[in-house]
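Participant: Please build the complex by placing chains B, C and D on the supplied structure of chain A, with the hints as guidance.
Chains as they are written, first to last, in my numbering: chain A, 1 to 102; chain B, 1 to 330; chain C, 1 to 490; chain D, 1 to 467.
Because the hints were derived from the structure by calculation, they are not lab data.
One or more hints might be untrue.
Footprint (simulated), chain D over chain C, 3 or more residues, beta carbon under 8 Å [what the hints assert, rightly or not]:
1. 385-399
2. 416-429
In silico DSSO-like pairs for lysine-lysine, Cα to Cα no more than 30 Å straight-line [stated by the list, open to error]:
3. K80/A with K89/B
4. K42/A with K80/A
5. K482/C with K173/B
6. K100/C with K158/C
7. K173/B with K158/C
8. K157/C with K246/B
9. K110/C with K89/B
10. K157/C with K173/B
11. K174/B with K157/C
12. K80/A with K246/B
13. K100/C with K174/B
14. K421/D with K343/D
15. K110/C with K158/C
Here the structure is a predicted model, which is why all the values come from computation and not from measurement.
Yeah, the Cβ is synthetic: ideal placement off N, Cα and C, and Gly gets one too.
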Amino acid sequence: MMGLFLVAALVLLAFMGLLLYRIVVGPTVIDRLLAVNVIGTKSIVILIIMGILFDRVAMFIDIALAYGLLNFIASLAAAKYFRKHKKIHHVSTMPAEVSHDH
Amino acid sequence: MLIAIEVGLLILVPCVAFVALWLRDLMSAVIVLGAYSFLMCLVWTGMGAVDVAFTEAAVGAGVSTVFFIAVLFNTTRNITFNPLDVSSKLVALVACLGFGYVLLQGVSDLPDWGDPYSPVNAGVSTYYIENAYADTHVPNLVTTVLADYRSVDTMLETTVVLIALLGIFMILKKDRPAQSDSSDTQAHDSLIIRLSARFIAPFIQLFGLYVVAHGHHSPGGGFQGGVILGTGLILMAMSMGMASAKRLLSIPRMIILAAVGVLIYAGWGAVPLVYNGYFLDYSVWESVFGSMARSHSMLIVEIGVALTVMCGMYGIYMSLVSDGGMQEGL
Amino acid sequence: MSSQWAFLAMGIPFFTALIMGSVGYAAPRFMRWIGATGITLAVFASIGLWSTVSTDEYVSYFFGGWLPPIGIALEVDRISALMVLMVHGVAALAYIFSLKALPNELPASKHPVYYTLYFLLISGFVALAVTGDVFNVYVLFEVCALSGYALLAMGGKKAYVPTFNYVLMGSLGACFYLIGVGYLFIKTGTLNMAHLADVLPTVFFSRSILTAFILITVGLFVKMALFPFHGWMPNVYTKAPVSTLCLMAPLGTKICVYVLLRVVGYVFSMEYMTNILAVQPIMMTLATLAIVVGTLYVVYHRHLTRIIMFIIVSEIGYMVGGIFLGQMDSVIGAVYHIAADALMTVTLVMVAGVVRHCLGGDAIADVAMMFRRLPTTAIAFVIVCLSVIGVPPMPGFFSKFLLIKGAFMSGYYGFAVALLIASLTAVFLFFRFFEGYFYMKTDNTAPSVIQEPWAYRIPLVVAAIGLVGFGLSFSYWYGFIKLALPLGLA
Amino acid sequence: MIGAMGIYVTRSKPNGPAISSVVAAIALVASVIHLMAYGARDVVDVVSFFPGISVSFFCDPLSLIFAMVASSLWGITVLYSVGYLNGAHEKNQPRFFACVAIALGATMGVAFSANLLTLYIFYEMLSLSTYALVGHHQNDEARVGARKYLIYLFGGSIGLALPAMIAVYALTGTLSFSYAGILPEVTPFPVLVVLMIMFLYGFAKAGLMPFHAWLPGAMVAPTPVSSLLHAVAVVKVGVFSIVRVITGIFGYDLINQVNLSQVIVYIAAFTVIVASLMALYQDSLKRRLAFSTIGQLAYIIMGVGLATPMAFVGGVLHIVMHAFGKITLFFCAGAIYVATKKKYVSQLDGIGRQMPWTMGAFFIGSLSVIGLPPTGGFISKWFMVNGALEAGFPVIFTVYLISSFLNACYFLPIVYRAFFKNPATMDDVAERPLLCVVPPVITAAMSVVLFVGAPFIIRLIQGIYYG
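Okay, chain A solo, but in the shape it has when bound (with noise of 0.2 Å):
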């Protein structure tokens, strides 16, 4: 059963890698911030998954929840931010872009 629960995580960790290919190439904001949230949610279950591990999970389940209840927050802020910020590519080549920013 533990060895089980040891692979699953460990396969979701590669999928963390495999979430890590799209934060770097982005092309966006948004790939980024949507992989982030994936691997927030990933992390919840590995939380949960670990605490099964040390056979302790009532104490990893307060982490989750945190997790769950506060991850979207960030998103959300970005999201937000867009709104007002329209631009969601990044043009770094463009110095003029640093006084029309704001």
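Facilitator: Positioned in the frame of chain A, the structure of chains B, C and D alone reads:
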């Protein structure tokens, strides 16, 4: 058994960190840092440091990214970068290599990780492990150490949160706020966000209260609970708009509450002085609470911490996001 | 229980700050009375602590009733009592000064928050002086640093960038210190200073202890702005408001020197520093360079505030040198100089502040007519200059005397020469100001005598008298400090 | 405690007008005489700083002689300054008198100090108070002079004397003067030489070349300052400090043992010759006097440095004799300036006929400085010259003779000009004011009196050397 997971994490963590540094777009970097924080939380958990993991969870998932975004909101996403500035980079490189070398030198003869006979585990920790419950009747050792044995450190750390709030508030505060129509941007907010935020906020607050109160038995405590409570308020402020958030908890009141939080802590600790005891010596309450004196006292000081941290988080967010004007934000 | 003084010295400003924070917005009128009461009580507490230590030599205070190493203890010996006295003395002067100075610099709506941070900073400094726990030191560094950042940034837009640099450097220093403490903890399992000192000799020949030593000292060097880590300091201090400066400039760096003495002298022990590591030559070179570099910069600048900052850079070199010389007299000299220099710096900063506010600038040309127009300030200025130069019987002379003697005894002649050069430069420098007074023609359009407000005059007069008194009572302090010195001094 | 009382009086610093200065001066002289009569030798610790170091005073014949000279001349100078300052319409008189009083207090402090630290404290106090006096005119010239003054004096005292003092403390653990010397005999010779040179130049007030340049520069001060301070108080404090160091820190036993005299006397001899030659070329009367002072100071150091009884007596005696002689000369220079606004030697043709009393006094003063009877200068020089022979330094003996000849060369022409040359223009010049004439006459008379009274002082000084 967990070693496989840890190895996987230790591969991922540096990768994410590197990506965060490599990205030229600060917004992306901030978001990637969120992933970093998730992974770190897992690392802490893997090491068995659940309280640290909890803090990381609350801070990393909850407020830190929001703070970053709030700062970017009022500044810029771009970093001005001079590719010709090689010499300072060289200096930095040398400094980093030197620092790394020194650190590694130091690591070479440290005791093994998890060695039960290492000084850390054989020293003060032994006392804590053996006597903490008997001393305080609190099952969570970490809470005991933080809120009782080394209580004054915690009090000062709470003060640090207060100072951060006051400092940011004072630096950013504008005396004459720009009078712009703040309601119109907020009015366009989608109904879904407003309703769901309104729905979920009470649960967050409830959970926060639970974390504060249950810190004796499970990971958590005043600090984590305070952050969660503060995040709930931030959520409300984001969805309902600054104006209504200010009606909820005005800025002066927020500062006062934050100070009162520390005052609760320190005041409770100062009561023994009247009986000629030591500061923060909760044992004077034994006449009232009996053997639970220390336990209950810890709860009270945790409430103080939570109050300060909640107001701190909320106030810092409000200051950052409105650039001190307290008029409009995200 | 007389040991309550130890807590009260740090607790009173702490509670004052919290009360100010709580009622500040509700009743701004009471702020200055709360502050005045707080600072008065704090000074009383420090005097109480001082008298206790004079008779008992040593006071321990156990937070929560937990004996170290389980809990955190305050451990007050005579040196820390002197530091507490210094912090509260300087803080009281600075507070009175700020009553008039602050309204010139900051809108009234920020005063409650400002004073809350102000008192938190004071309590942080005091706690650093009395704490007996290396981790607690880190926490207190944070308290001091964060409130310091906020207070320094109040100098307006031009202060932001220097303050940000300071934030980076300060965090770096604190971070180094913390990692060093981490190594110590892993290696010894304790954080209490006295306990560490007991345990450390068993693991002296360990690389991790060496690493810890390097990290902690480097961290502290950054924090105290010792050359070559001084870059952040002059800028941030010059741009800060004077009322902040009165607190930060005298105490911010000095208290770090004190912590260095604690860590090097009491935790690691002199034995470790001189015999096992043999780092003395390196440290002495650094200290000497600090003095020389500070002195060179002093010559180049024309603005009083900036000059003061570089004087601080070189004075830090004095104290660090004194500590690392490892002679009994030199360490006494260094400790005495910490207090003396705090007093000198606060006086200088106040003078610069008065000049800035009353004459509208602090370049030498502005100071020119000072003696005629601001007589009280001028007299205080002369007295403090004499002390910086090291004219007996001012305190600056005695510390320099002991330091040079220590340098002779242990053969670091370069250090002695650097000290003398610094003195000579100070002569050169201050007499440039005096000459300005003596020979510049008074501008007829300017008002002939500006009366300094009482809030400027009282602290200046008290500081000047204090300087002379501190110098004349040197023999008392010599004996006082001597009994608390770390072991193993020649 | 008679000593304490004396010090209390000597340190009184009256503020302001001349009258109180005069009263204080008389009180001071009285107290010094009182001290002389009762001869207290106790050491009085006022403030103790750390083991072996305190502010403490004592009183021995050397300090008595010096204090007597300084205080009595102060009284006369105060009288003279009243005349001079009113005559020359100087401003800021209260500050002037206050500073002079402080300077005198500091001089007394130096005279009675019982250890090197006390001496150093008062030495610095003297530098500061006279700084204001040198810059009294508050113009550019005064500024340059004052700046030079300060750089030399502080540079010397902080850069050389202070470290030397600390080194002495590090070597011995005490700084108290003792005629046996406090430096241990085992001190290596190079260290001794270095220390001695540091002290010699560190007390730059003594004007040993090449640390002399401040003195001519300081002549921008009002003449009473030049006369009192730069003929008596300041420079003599420098010399006195060196004498104290030689006798009290090194001790003659040690000096004779390792033959340290060589170092001292050759430095001094060089100064004597060069300063005398330079004096020849000065046209400004006060500058000529200044260079003369430099030379004469080196005499004293040479005398004391020779380390024989005769030379020592001569050296100390010369402090007294030169003080009276030189102050006379300065008073005269000032009187001439007040009466005629003339500053240069070349302008003085025929002035002796218009101002006979002044120039008469000038003549007596120059005789004393040159060292001719019937003035006191003769006696002190006699002792020094004999001392040089006694110590076996024929070179020094020659130096004394040559320099005396040079002294004559630069003083007597002035007298000659004043009395025997016809003035280019006949101004209506007369002796005035009274208070500018009487003091030089008194001091000149004193020079003569001292010729007669010398044996009394000699006995005092011999008491020091042998006791």
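Participant: Of all the hints given earlier, name the ones this structure violates by number, lowest first.
Facilitator: 3, 5 and 9
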